[in-house]
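Numbered per our numbering, the sequence shown finishes at 379, counting up by one with no gaps.
For the record, the hints were derived by calculation from the structure and aren't laboratory data. Don't take each hint at face value.
Derived Cβ-Cβ restraints for the label pairs, each shown as a range [stated by the list, open to error]:
1) Glu-265 with Ser-337: 22 to 28 Å
2) Pro-203 with Pro-254: 28 to 34 Å
3) Leu-345 with Ala-218: 26 to 32 Å
Cross-link-like lysine-lysine pairs, in silico, DSSO-like; alpha carbons within 30 Å at most [to be verified]:
4) Lys-58 with Lys-111
5) Lys-111 with Lys-250
6) Lys-211 with Lys-79
7) Lys-111 with Lys-60
8) Lys-145 with Lys-60
9) Lys-60 with Lys-211
10) Lys-178 with Lys-58
11) Lys-145 with Lys-228
12) Lys-326 with Lys-100
13) Lys-110 with Lys-58
14) Lys-153 with Lys-58
15) Lys-100 with Lys-110
16) Lys-100 with Lys-178
17) Lys-58 with Lys-211
18) Lys-79 with Lys-60
19) Lys-351 with Lys-228
20) Lys-153 with Lys-79
21) Lys-110 with Lys-250
22) Lys-100 with Lys-111
Even glycine gets a Cβ: it sits at the ideal position worked out from N, Cα and C.
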Amino acid sequence: MVYGRGVSVSFERADVEILAEKLKKVFEGRRPQVTLDGTVVTKPAPVLNLFGRTVLGVPVDHSKLRVLEPVPHKKLCVAVDASAKVLFNLGSAAVLESRVVVAAYRGAKRVAGRVAKRIALVSSKFEAAEWLARVEYEAALKALAELAGPGYLLFDRSLTAAPLYRPSTRELIAKVERRALAAGLVLVGVPKRTRLALDTGEGALSYIARMARKLLGPSAFYYYPLFREESLPPFMLGSPTVAKLSELSEAVLRVDISRRALARAECGDLLGELAFLQDPSSPGYPYPLKAAHEESRISGSELEVDRMLLAELLKDWGVGDLLLASSAAYSSFKERSLWGDAP
37 MVYGRGVSVS
47 FERADVEILA
57 EKLKKVFEGR
67 RPQVTLDGTV
77 VTKPAPVLNL
87 FGRTVLGVPV
97 DHSKLRVLEP
107 VPHKKLCVAV
117 DASAKVLFNL
127 GSAAVLESRV
137 VVAAYRGAKR
147 VAGRVAKRIA
157 LVSSKFEAAE
167 WLARVEYEAA
177 LKALAELAGP
187 GYLLFDRSLT
197 AAPLYRPSTR
207 ELIAKVERRA
217 LAAGLVLVGV
227 PKRTRLALDT
237 GEGALSYIAR
247 MARKLLGPSA
257 FYYYPLFREE
267 SLPPFMLGSP
277 TVAKLSELSE
287 AVLRVDISRR
297 ALARAECGDL
307 LGELAFLQDP
317 SSPGYPYPLK
327 AAHEESRISG
337 SELEVDRMLL
347 AELLKDWGVG
357 DLLLASSAAY
367 SSFKERSLWG
377 DAP
């Protein structure tokens with residue numbers, strides 16, 4: 037059947053019934069639970085699928101759940117974040133712009149900051165993602181030359197040196213970790229998105245959040261460990277934890293903490309100091325990271341100005357007009373579809 041534009045189309049009932057049955061299995065609260073492949077389990081276990089490798093964690097148990105108490109401190113906290121926008125879409129490649137921000141705090145006081153703009157030509161989303169990781173870690177490395185702990189170095193990404201990254205990128209990430217630890221700073225990653233799930237197919241964060249609410253009410257909490265240390269691959273620099281930093285927020289986060297740091301300190305102490313770094317107006321998330329994220333945004337009008345500025349600068353090399361002409365052949369729809377606003 038052909039439907040007119042703008043006409044609402046209902047879902048196929050058979051699809052809805054199949055989906056409902058599968059979701060009932062995924063979200064079933066009673067024991068036994070069933071994994072997506074039909075295996076009966078008594079307790080679901082965390083699982084991470086990364087770069088062709090599956091890491092199975094320790095079965096989820098309420099004994100690993102703890103109330104999280106904020107630990108007051110005035111340690112240095114350095115947050116790094118970078119945004120990315122497409123300046124020019126060339127079809128098979130794109131010129132990206134990034135604003136990378138370093139924001140350093142002691143308690144609630146801003147003690148240092150740095151803002152830089154970076155540009156690059158990339159030919160795939162993965163190349164764009166690697167480049168964005170590089171600009172963040174390069175900014176962190178510069179900050180480490182000027183700042184020293186004790187304290188924390190925060191990223192809004194998982195602490196993973198992807199094996200598909202170039203060797204130079206992996207070495208850069210490892211170098212930042214070494215320099216940070218030498219300076220007394222603990223690497224912490226708070227990714228916006230996570231593949232952390234259970235072997236039943238349900239998201240690990242939502243499952244643990246429900247368990248915590250049942251046992252602890254609205255209290256802040258953390259859950260650790262999710263994985264045995266020896267099971268984590270070398271490219272995972274951080275050990276994942278699940279934490280709710282404030283009883284005033286419903287936000288439940290995956291928080292990666294440097295495995296080297298966890299060998300020296302208690303997870304609860306580190307997360308307690310992280311929980312202290314909250315703005316009362318927006319509880320549940322570290323305010324240094326929030327500040328870095330807000331400052332890294334590139335507005336549409338700023339993007340247009342930068343687009344014209346870069347084209348003008350590139351005229352000295354004889355490619356400015358060529359860049360404008362080539363980019364004009366691709367619509368904004370193609371730009372959003374192929375590249376998105378950020379890799």
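Against the structure, the hints come out as follows:
| no. | hint | in the structure |
| --- | --- | --- |
| 1 | Glu-265 with Ser-337: 22 to 28 Å | violated (49 Å) |
| 2 | Pro-203 with Pro-254: 28 to 34 Å | violated (46 Å) |
| 3 | Leu-345 with Ala-218: 26 to 32 Å | violated (39 Å) |
| 4 | Lys-58 with Lys-111 | violated (48 Å) |
| 5 | Lys-111 with Lys-250 | violated (34 Å) |
| 6 | Lys-211 with Lys-79 | violated (39 Å) |
| 7 | Lys-111 with Lys-60 | violated (46 Å) |
| 8 | Lys-145 with Lys-60 | violated (48 Å) |
| 9 | Lys-60 with Lys-211 | violated (46 Å) |
| 10 | Lys-178 with Lys-58 | violated (49 Å) |
| 11 | Lys-145 with Lys-228 | holds (25 Å) |
| 12 | Lys-326 with Lys-100 | holds (28 Å) |
| 13 | Lys-110 with Lys-58 | violated (49 Å) |
| 14 | Lys-153 with Lys-58 | violated (46 Å) |
| 15 | Lys-100 with Lys-110 | holds (28 Å) |
| 16 | Lys-100 with Lys-178 | violated (38 Å) |
| 17 | Lys-58 with Lys-211 | violated (45 Å) |
| 18 | Lys-79 with Lys-60 | holds (17 Å) |
| 19 | Lys-351 with Lys-228 | violated (38 Å) |
| 20 | Lys-153 with Lys-79 | violated (48 Å) |
| 21 | Lys-110 with Lys-250 | violated (34 Å) |
| 22 | Lys-100 with Lys-111 | holds (27 Å) |
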